[in-house]
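Asker: Letter by letter, the chains look like this.
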Amino acid sequence: MKISTRQKTNYFLIEVGLILVSLFMFLPFILAISMSFMSPTEVFSYPPKFFPSSINFKNYSEALKLIPLGRMLLNSMIVAVFTTIGKLVTGTLAAFAFSSFRFKGKNILFSTLFITLFLPAETVMILPLFMIMSKLGWVNTYWALIIPFTASATNTFLFRQHFMSIPTTLEDAAKIDGATPMQYFRKILIPLSGPMIAGASIINFVYAWNMYLWPLIVTMDDKMKTAQIGVKMLISAESTNNWGVIMAGTLLVAIPTLIIFFLLQDLFVKSLVGSGLKE
Amino acid sequence: MKWGKYTPYLLLIPTFLVIGIFIYWPAINSFSLSMYKVAPFGGRRIFVGIQNYIDLFKSDVYWNAITVTLIYLVVTVFSVVVLGYLIAQLLDNKVAGIKVYRTLIFVPYAISFAIGGALWVFMLNPVAGHINYFLSQITGKSINWLNQAPFALISVSVASIWKMLPFSIIFYLAGLQSISESIIDSSIIDGANSWQRMWRIKFPILSPITFYLIIMNITHSMFQSFGIIDIMTRGGPVGTTTTLIYRLYLDAFYFQKTGEAAAQSVVLFIIMSFITFFYFRFGEKKVHYQ
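First to last, the sequence lines map onto chains A and B. 1 is the number of the first residue of the first sequence in the working numbering; add one for each residue after it. 1 is the number of the first residue of the second sequence in the working numbering; add one for each residue after it.
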């Protein structure tokens, strides 16, 4: 088939459009990366430079020294991992209840859970939530950063939708074989949900890693702060505005989620869309 | 077949314990707190009924936060939906390098609002940043982006749009790719050009996604924006970037106005309930979680 000139110009325009959009979306990262390798004199050179004259990691070690960023990164890792595990455990259990059982009050319980979908507790109810933390003595601890976020409606619905797609014949067979509900759950439902669990893990991890307002409030001790708050501290600590150090620190905080994104892009995107709507 | 009469309740305990203690209980607390004024330092609580709400809606500062939020919300959500749709169209083509473009365009989704803010603070820096350099090369002027009245809100909005765009693009792209070829083919035979196809055929088919994105982006703008604002402007200059959630943070944790802050939580809570109701009333039929 012959390609018309019109189609050719169309392709050309699409390519140009895509290059421009990509540049707009990705340029901030390129600038941050190159800035993170520059010496203070290079950062402030005029006209501004786009690329460093040499690659050295001094800004990175500087960022780690200026504030306890290493510890903060560890905190974020602990918080993100345990929040994710919590959400997976509570979510799969609740989803199993809603997908495989008939019981009294099911609809009411389901609605009660549903309502929380649009109530971001970590922002709307932040003040009373903080007061509860004070009463429990959880301020400045991992408990405050993890426990309130170990259950979510989104995860429950996501898993429920998946469990319901598993043929009921499997459940009947398990019942006939005399399996207990938990045996069915452990040996059949969970093994059949691998990709779903992987996808949910990614989304939950990224969400927890990127939390900002709640960790800002509930941690006062620098040693308990998360890496996101570290970014804020770097910006205010660097009174001389050494942007090389600030950008190095910012990138250190961004790297874990960026790695996940680059490695698992397809899974990431698929589960994100899957959690939002069904065709 | 009966299969463990109490099992479902046991399975639900962990989830309901968490949402009960950390969502429902604080929500109830917000309501009761909002009826009290707390004397600073003394910790003595005085019942004042709806006085906190009256004070709130009499205060210029709060109205300013409402105005800022509305401007910010309309600008970001509108831009993100329209640009998201257009960019998704570009990505829905089989051209060279499409996977690379897709990856680069999606990247801001993976980082937090706070990090997004930090990247833009740097680019907008009057001395070291690249934006002012090019601006002064072209116009001879440079702008103090983050400390000057209209520009601070513009900067925060642009940075937010940049951060929120990938979310919309991802959903629109998934939607576009699920539209069946036959619909597109028959429209080509009927003589529709690509512009007409984009707005008269694909856009209506994807309207449930548009609806979902508007709702989701409203919640992103209302709440997640806190990080980007705190890093970029801290609500300033003189409150021109103080949104409702930032106002709540300042009053609750900076000025220690517990009662008024709780009243603000309740107002946000009511706004969210309204959005939720609207969502299920009009959007649930086609877009849903079940």
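Errors might be hidden in some of the hints.
Derived contacts from chain B toward chain A, CB cut-off under 8 Å, selection only [unchecked claim]:
#1 I19
#2 N29
#3 Y101
#4 S112
#5 G239
#6 Q256
#7 T258
#8 F269
Calculated from the structure, these hints are not laboratory results. A virtual CB, placed ideally from N, CA and C, is assigned to each residue, including glycine.
Asker: List in ascending order the numbers of the hints, as given earlier, that are violated by the structure.
Answerer: Hints 5, 6 are the ones this structure does not satisfy, whereas the remaining hints hold.
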